[in-house]
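Student: Letter by letter, the chains look like this.
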Amino acid sequence: MEKLTSPYKWGMVIDLDRCTGCGACVVACQAENNVGICDKKEISEGRGMHWLRIERYWVGEYPDVRVRFLPVMCQHCQDAPCEPVCPVYASYHNPDGLNGQVYNRCVGTRYCGNNCPYAVRVFNFYQHEWPKPLDSQLSPDITVRSRGVMEKCTFCIQRIRRAKEEAKEEGRQVRDGEVQPACAQTCPSEAMVFGNLADPRSRVSILSRSPRRFQLLEHLGTHPSVFYLKGGGREHV
Amino acid sequence: MSERQLEELREFREFRESEETPKTPGTLQTQKINDDLLSSLRPPTLRWYVLALCLGAVVAWGLAAFTWQMTHGMYVTGKNRPVMWGFYITGFVFWVGLSHSGTMVSSILRLSQANWRRPILRAAEAMTVFCITVAGMFPLIHLGRNWTFFYMIPYPNQRGLWPNFRSALLWDMTAITAYIIGSSLFLYLGLLPDLAVARDRSKGWQHKVYAVLAMGWRGTAHEWSVYRKASTLMAALIIPVAVSVHSIVAWDFAVTVVPGWHSTIFPPYFVIGAILSGVAAVITLMIVIRKAFHLEEYLTPLHFDNMGKLLLVISLLWSYAYFVEVQTTWYAHEPIEWEVFSFMSQRYTPQLLIMLAGNTLLPIFCMCFKRLRRSIGTMLVVSLMVNVAMFIERFLIIVPSLSHKNMPFAWGSYSSSWVEISVNLAALAGFALLFTVFAKFFPIVAVTDVRELEARRAEVSMGRAKVPSIAGEED
Chain A
1 MEKLTSPYKW GMVIDLDRCT GCGACVVACQ AENNVGICDK KEISEGRGMH
51 WLRIERYWVG EYPDVRVRFL PVMCQHCQDA PCEPVCPVYA SYHNPDGLNG
101 QVYNRCVGTR YCGNNCPYAV RVFNFYQHEW PKPLDSQLSP DITVRSRGVM
151 EKCTFCIQRI RRAKEEAKEE GRQVRDGEVQ PACAQTCPSE AMVFGNLADP
201 RSRVSILSRS PRRFQLLEHL GTHPSVFYLK GGGREHV
Chain B
1001 MSERQLEELR EFREFRESEE TPKTPGTLQT QKINDDLLSS LRPPTLRWYV
1051 LALCLGAVVA WGLAAFTWQM THGMYVTGKN RPVMWGFYIT GFVFWVGLSH
1101 SGTMVSSILR LSQANWRRPI LRAAEAMTVF CITVAGMFPL IHLGRNWTFF
1151 YMIPYPNQRG LWPNFRSALL WDMTAITAYI IGSSLFLYLG LLPDLAVARD
1201 RSKGWQHKVY AVLAMGWRGT AHEWSVYRKA STLMAALIIP VAVSVHSIVA
1251 WDFAVTVVPG WHSTIFPPYF VIGAILSGVA AVITLMIVIR KAFHLEEYLT
1301 PLHFDNMGKL LLVISLLWSY AYFVEVQTTW YAHEPIEWEV FSFMSQRYTP
1351 QLLIMLAGNT LLPIFCMCFK RLRRSIGTML VVSLMVNVAM FIERFLIIVP
1401 SLSHKNMPFA WGSYSSSWVE ISVNLAALAG FALLFTVFAK FFPIVAVTDV
1451 RELEARRAEV SMGRAKVPSI AGEED
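Residue numbers (this note's numbering), protein chains in the order written: chain A, 1 to 237; chain B, 1001 to 1475.
None of these hints come from the bench; they were simulated from the model.
Accuracy of the hints is not assured; some may be wrong.
Computed far set for chain A versus chain B, every beta-carbon distance over 10 Å [what the hints assert, rightly or not]:
1. THR5
2. ARG47
3. ARG110
4. GLU165
5. GLN185
6. LEU207
7. LEU217
8. THR222
Derived CB-CB ranges, DEER-like [stated by the list, open to error]:
9. A:THR20 x B:ILE1364: 42 to 52 Å
10. A:GLU129 x B:ARG1347: 32 to 42 Å
11. B:LEU1316 x A:ARG213: 22 to 32 Å
12. A:VAL102 x B:PHE1365: 53 to 63 Å
13. B:THR1067 x A:PRO63: 53 to 63 Å
14. B:THR1067 x A:GLU178: 44 to 54 Å
15. A:GLN173 x B:GLN1327: 54 to 64 Å
16. B:PHE1150 x A:GLY100: 15 to 25 Å
17. B:ALA1060 x A:ILE43: 27 to 37 Å
Where is the CB? At the ideal position from N, CA and C, for every residue including glycine.
Extracted from the complex, chain B is given alone in its bound form:
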């Protein structure tokens, strides 16, 4: 370390120490915010261990089921000819959809400078990373020969074999890899200043880990200015990636000749569906985090009100897209398309009704009223229902079309097996486990973002310009 760096470090420490006495103006004191928001980083309680153990058990069960499938063969699933895709691909599309939460809530709201996003953006970003990771597992789980999955990776080999870039599955793989990398960077970038806060407030091995992860963040003006540019840029860049990911997932279906799949509205319809389930999942997550970490002061009914409005808009959009899709089929009455639709609505009537209730009726009705939007109980029910309905929606897209394809002699039906259900449950538990672990070791509420907001509330007038006091704090 050079002399200058040491000097800076000393200054920084002095600054930190002087900061111990609360002096930042605002509705909440800095110290209290730090304490509140970093409370999740305290050593795990017994309850946390029990939760992690239960989730881990479900994941282990799912792994056992997957091993069973690998060692026995695909017959342990409910798939057959003609329904060659089932619950796994349903799970895949569903989790890719959920992964749009982070992008939607975090980047769009960041770019539109909606301040109410601040307490939830970290949870949403983390959710994106974990959902897309879980989603990425499904296409591999569903392979007939899982151990040859690397054939799909373009790697140089002696035989000059190359994957087929005309295949939508390869687009999928490319898009999902890009999204995993992009969303991880997005999460990490947002986490950086908070890791520094955690580093400064932790001891022992944790301190060392945070110190490495914080990459020497000191919070100088220059660092903040670079950080701001980088995060705005990432927020802007991640949106096209997110849109492309779900468009490509939609193309898995839309580019085929399967009746009911081959439809031009699929990409936008899937993106809207993804955002719908993503927003609903963020609401669920907000409620859970609020309860688990006692963040009632930071996640207020106002935030739920705003999320409710967002949900209303997306739900209306989804309903419109669904109506357009069905209306075209119904009006054209093309025999095989109509056959698929009538088979779906007859064989899966209860599911269809739950889907319409959960995605359209319930959210549109409930989210119209301020009182309901601000009621945590209602929001929990609505957001859970939306995601149940979205899972059903994916299922109703995939399975009925395959059951009644063009050749009536080869029609079939599908019922999921215990293996597929176990793997899907394990995916849910795995996601929850990743999140539980993440929330224990990383600040789950964006400390700096919330503090920035608090600080900004006391803007300093300099001439005619209003200058956020945070600018003065760092120099």
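Next comes chain A alone, as it looks inside the complex:
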């Protein structure tokens, strides 16, 4: 963490009070990032390609049942278990605090996938194809991954790159809220907030200091860049 040389440290806050579990973020992510389309069989085999999943938990006993949603994507850990285990540096840490994944360097040991406690890394078991007309929708900014490589959420690194380049042209830093990943942009209830955690006045920084904040599997010491705000008050558990 200390070695950070960039003025940015990208992070996200997800307010579980606001999340309705609609799944718009999942679809947006899939459309933005050329994520492979899987059929029913592939999903049921556990080989779905979602970079972002909405975990659904039932709380309480019938009839007093409540459902809780937990959107989980790559947590972009500052001490990421996936990084040191990769024998070829396909999984690496970039100066902005993101966990990068170099697709064409990946040999497919899947060691990172095993060592990710959040199980957010997805492996291309299949050579994915996009049925017409979806094939025309593929983003030119992102590699279409071949089978046999690992992939995962990048916080829409192509958007971050573009925003940084534009800011650099204008000789300034990326403004708060200027760049958003597809999931945050799409969220109808604005449950997801993305921004620069290194800037103490950014919205994401302020929210990440909320007393409701928590991180997933904090005890493992992975120091994730994603903060969750507890669903408080309205629920009894």
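Assemble the complex: chain A is given as a structure, and chain B must be docked to it using the hints.
Tutor: This is chain B only, laid out in the frame that chain A set:
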């Protein structure tokens, strides 16, 4: 060739000829030993061809399955998210374990000068080389993009890319390469005098091959003294390599944050497990070789008795290590660790019971009795069971932990596919094939070592010192 060398050669030939008449004292005559032990080198029989063909067919089937996987994608295996490792890595750990046979039996017994090791050390050393070769294939087979495996090799390249030495997989690759080289040298070194014997007793193209491989070994006193030093040194040096190999394989699991893997006892526990399966495999091999090459005179119940005692000790050690590992999990009752353990014991109850029976109950019970240790049938059953149990043990370490990792929403399960089973069977057949071919072309029982023992039995008294008669034979 200089005049002196020619002279030496002539002397050597004369010596060889004079040796034709048995004169070495001992319980077995030299000539007979040579005949018996080199009988495997006779031209292959029909039975040998049939065996080799059957094994080759299984290997070919496995290769076809692997090609299928390469051309289609990893979905043909049973792996999924979260269980990203399965039968391949199980096979890998299992075969690395088996490869500890040679080191254990050969070097430790060599260093401790246990004479009963002599008839089996060659088989054990060859087994080490073949097992580690087979094991080394698995990590490559299991890659998502097998054709890019060389990214893991540190080679100079234009882009300045380098493998990640922080990764346990790279430690693995380094350790396994070192072990393949080391154990091959160890095998070859032991084979050297025997190759010379084979050279002297063969004709035609075989003679030429053995002559090259024997590297001009003539058996002079100087050669023997260098040889002795070298083999003792190799025996000592190969042990730390073997221990490090399996420790590193254990670290593949122990250095992760996966519940059930992240455990400090793994390296010693894996090494003990490796030696357990290695010793059991040597026993199985001894029985097979004894039967196949009619070596009843050389592999006596006494040898099985000794191996049985070794198996008993290692089995007790393994049971202790397993108990310690499980007891810590149980006592701490850390939720996710406990979840993994309870999932494993519920979902895989029969496997767990077979594992405990094969690794603990059966060997500890049977190996306590001399009569059972000396019964070839019992030894065969016990040694096979140990290895079945060890394969299950590897599986139970790898798969349940991945199935129930930290995020309950992403729990899953694993069932192996025909491709993975085919490749694993092909690995077994490939090992057997390598061994069959090796046993046909190289002396599978260490001729010189056995003869040395025979010769030593008639030690010559010189003053107060007992001098092995073999020293006089060579000068």
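Student: Against which earlier hints does the structure fall short, listed by number upward?
Tutor: 2, 3, 7, 8, 9 and 11
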